[in-house]
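Trainee: These protein sequence lines map, in sequence, to chains A and B.
Using the working numbering, read the first sequence as starting at 94 and increasing by one per residue.
Using the working numbering, read the second sequence as starting at 32 and increasing by one per residue.
Do not rely on the hints blindly, as some may be mistaken.
Pairs of lysine to aspartate or glutamate, EDC-like flavour, derived with a Cα cap of 20 Å [what the hints assert, rightly or not]: (1) 79/B x 97/B; (2) 174/B x 127/A; (3) 174/B x 107/A; (4) 87/B x 46/B; (5) 200/A x 143/A; (6) 200/A x 149/A; (7) 132/B x 105/B; (8) 200/A x 200/B; (9) 87/B x 99/B.
Hints listed in this document are in silico derivations from the structure and should not be mistaken for laboratory results.
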Amino acid sequence: MMLITGPLWSGKREFACRVLGCTREELSARAVWDAQELAAGCQDLEALADRLAAHDAVLMTEVGGGVVPADPVQRASREAAGRLACLLAARADCVVRVFCGLPLVLKGECAL
Amino acid sequence: MLTLVIGGAASGKSEYAESLVLDAGPGPRYYLATMEPMDGECRARIEKHRRMRAAKGFTTVERYTDLEGLTLPERGTVLLEDLGNLAANELYSPAGAGPEKALEAILRGIASLRAQCRALVVVSNEIFAGGRDYAPGTEGYLKLMADAHRALAAGADRVCEVVCGLPYDYKGANL
């Protein structure tokens, strides 16, 4: 599994399509995106990470920057998102950060 | 030669971008200021940046919108600071291009500048990792900035992020 992380609207899905050699329509069969939203309210992040790791690629938007939200629900959501990202990165063969559409390999070797 | 320098608040991106212009050698240096002074905080920030540039040989050109309409006196090096203010002006200012045309205005303006100078350094802001739970209207600004970043990065010679004053390259000569 390849974990593709990056800030909001940085071109993660476009990169995933390029690296997997598929169209946007085909991507849903190969990858999960906005995985940070699956983390919110999840009772078992380890189990979620195991399930997600079965995909070719998992895409997550980084949400841990900026000021810690005052709202407890938002605070818990971004905590869970960050934790899930770490669990996925540990399971991933390759981790790529996409920044302004440009990939940076953080772990493993990927044929970009 | 187009270099995109991106960083968070007070990351040292301005100082680093200036150093790139200084390293570009002799010739006119233009500091293209896009922040419209609205209040005391803006003026204080402008004054801070003016002091930083003092004695470095920059000619300051203030331009808040419509970069495409700008003609530089001579061919030199340009430091555009910053894209975040330009985007806000094009989006929200009465003189701006407005939501439908802002992206096009920004990209055409930067292409026009690039054609008029030897080297162009564009400073921009990393604002995309703090979630998207902002006041209504902010999402349009975020989207505009993200679209502009990807489009500029695709055509840039070099793209770097500045962290603690240190550049990290995503694309370019140092990779």
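Trainee: Compare the structure with the hints numbered earlier in the document and write down the numbers of the violated ones, lowest to highest.
Mentor: 1, 7 and 9
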